[in-house]
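For the protein sequence lines, the chains are A and B, in the order given. Taking our numbering, the leading residue of the first sequence gets 1, the next gets one more, and so forth. Taking our numbering, the leading residue of the second sequence gets 1001, the next gets one more, and so forth.
Fair warning: there could be bad hints in the mix.
Ranges between beta-carbon positions, derived for each pair [to be verified]:
no., chain 1, residue 1, chain 2, residue 2, range
1, B, S1028, A, S66, 29 to 37 Å
2, A, N30, B, S1024, 30 to 38 Å
3, B, V1044, A, P61, 25 to 33 Å
4, A, E53, B, A1078, 41 to 49 Å
5, B, S1039, A, Q59, 19 to 27 Å
If you want the footprint, here are the derived chain A segments under chain B, 3+ residues with CB under 8 Å [said to hold, decoys possible]:
no., region
6, 43-51
7, 95-105
Derived from the structure by calculation, the hints contain no laboratory data. All of these numbers come straight from a predicted model, not from anything done at the bench. Glycine included, C-beta positions come from ideal geometry on N, C-alpha and C.
Here is what each chain is made of, one letter per residue.
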Amino acid sequence: EAGVVQSPRYKIIEKKQPVAFWCNPISGHNTLYWYRQNLGQGPELLIRYENEEAVDDSQLPKDRFSAERLKGVDSTLKIQPAELGDSAVYLCASRDYVHNEQFFGPGTRLTVL
Amino acid sequence: SQQGEEDPQALSIQEGENATMNCSYKTSINNLQWYRQNSGRGLVHLILIRSNEREKHSGRLRVTLDTSKKSSSLLITASRAADTASYFCATERETSGSRLTFGEGTQLTVNP
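Based on the provided sequences and hints, a complete structural model is requested.
What follows is the structure, given as structure tokens:
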């Protein structure tokens, strides 16, 4: 069974440019999460989806960040415009209704210059 | 702010020794989970302990939970060089649905 797939793995952009990350969760997983992980720290939740509904986006900086999960499967996270402080690893995770563990993708390492 | 706080921040041991990492948290929880992250990779779930459990084992891993002290420990026995990674505790609070709050992690180095 394939795990959580994320692309791209690495992205380097200049500040003020837009950037988008894509995530394909494990098949059948209804819950999808986007986290941001700064260097040397643990992941911090940005947004959680239950199917196609964003049920927890209280920590998403809505002035520049947006996300969508069309059809309750794949998801994209967008930053527009990017700032220097957005440099981090963006992790996607998914979970089914039965188990409490989250399955993480490898992440996208974003560098904003 | 992070709910979980791991201690120590970094730990270096020799192969074959045991490694103990601690985690403290602040609010009531449904469960506490431990994850491992190898450099440049995503997190891998290791073990989950529910708030009504006190101890749990999985292979060379032993997790304890003391809800009165709001703390947990992860013990890795007979460590191997392949255990070198960052270890994070994450709590699922009673009121947060399925949101996990991660600590800042312990960087474990196992020297061959």
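Against the structure, the hints:
1. A hinted range of 29 to 37 Å holds for the C-beta pair B/S1028 and A/S66, which are about 33 Å apart.
2. The hinted window of 30 to 38 Å between A/N30 and B/S1024 holds, with their beta carbons roughly 32 Å apart.
3. Taken as a hint, the range 25 to 33 Å holds for the pair B/V1044 and A/P61, whose Cβ atoms sit roughly 28 Å apart.
4. A/E53 and B/A1078 have their C-beta atoms about 45 Å apart, which keeps the hinted 41 to 49 Å range intact.
5. A C-beta distance of roughly 26 Å is found between B/S1039 and A/Q59, which places it inside the suggested range of 19 to 27 Å.
6. Requiring three or more residues with a Cβ within less than 8 Å of a Cβ of chain B, the coverage given for the region 43-51 of chain A holds, as 4 such residues are present.
7. Counting residues of the region 95-105 of chain A whose beta-carbon sits less than 8 Å from any beta-carbon of chain B gives 7, enough to reach three: the coverage restraint holds.
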